[in-house]
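All chains should be modelled from the sequences, with the hints used to inform the complete structure.
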Amino acid sequence: MHAPHLSSPTVGGSTPAVSADDIRAAAGREADSARLHQLRRQQPEAYNVESQAHAHTIKKAGAHGFATGCSFVTIIFGLNRAMPTLPWRTMGLAAALPVGAAAGWALFSFFSAERRFYARERQREEWELRNYPDGEYDEMTAIYMAKGLSEADARHFVKLLSRDNQTFVDIMMVDELGYSCRPLPNNSEASSAAALAGSAFVAASVLPLLPRSDRVGPLVLAATVFATSAMQAKILYGAYADLGDSLRTLRDNTLWLSALGVVSFGAGCGIRALLHRQ
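Heads up: the sequence shown begins at 1372 in our numbering, then just goes up one per residue.
Keep in mind that a hint or two might mislead.
Unchecked claim - In silico lysine to aspartate or glutamate, EDC-like type, Cα no more than 20 Å apart, as pairs:
hint: 1; residue 1: Lys1530; residue 2: Glu1497
hint: 2; residue 1: Lys1530; residue 2: Glu1547
hint: 3; residue 1: Lys1530; residue 2: Glu1510
hint: 4; residue 1: Lys1530; residue 2: Glu1499
hint: 5; residue 1: Lys1518; residue 2: Asp1546
hint: 6; residue 1: Lys1518; residue 2: Asp1541
hint: 7; residue 1: Lys1530; residue 2: Asp1505
hint: 8; residue 1: Lys1518; residue 2: Glu1547
Source of the hints: derived by calculation from the structure; they are not laboratory data.
Keep in mind that this is a model prediction, so the values were computed, not measured.
Structure, rendered in structure tokens:
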């Protein structure tokens, strides 16, 4: 953000006089820009949204994949060692249930984390707009100039948008931070999506276990892998596929995935032991 120059273009060899109000306004904008720049230097992690998004993506997605893999391997290995005579179909079903539950929980946590991240970024934008409005106007003007508008048109457009602060913040969240215009799902919608994802995962995982023929099994397995991949891409990423930073955070409690697998394995072994004694 740069403060506007106080000098005006010359017309006919003469320089128009600059009023005291213009000088004070320009000085105020320059002071606002300087304070905002200083804040960004003192707290770069709070303003470098792109780097923060990439860090969340790497950390959360990597932890999710690792925890899910640990859960699946733990269940299969544990069941095979503890109960070697257990039918492979039952073993596959026992593995599919906790992993499907983990997939649903991961999706719910992803939506919840996305809402929290959005709310935090929105509060920051609202604070900046209240305390340093000229700096935000300059940023939005630069964005619209980059889209092809002239400086005069961009400033006029920003002036029209800024008449309502809430509307202006909504537009900043889309044009400046790259969020989708679609509202993020609430808890009810996130719960429904999580239940659908978990159920679909379990249903698709059980399909290869149903056929008795060894020839039909691999065909069903191949079709299931394809359908599950397409289903997961639609459910997990869906409307956010066009956002470069949509996966800034996948979930907050990644350790619950591995814990869920271990607990499910222990519960399954305990239930089977009780039934065997009876």
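Taking the hints in turn, this is what the structure says about them:
no., hint, in the structure
1, Lys1530 with Glu1497, "holds, 17 Å"
2, Lys1530 with Glu1547, "holds, 16 Å"
3, Lys1530 with Glu1510, "holds, 12 Å"
4, Lys1530 with Glu1499, "holds, 16 Å"
5, Lys1518 with Asp1546, "holds, 11 Å"
6, Lys1518 with Asp1541, "holds, 18 Å"
7, Lys1530 with Asp1505, "holds, 11 Å"
8, Lys1518 with Glu1547, "holds, 12 Å"
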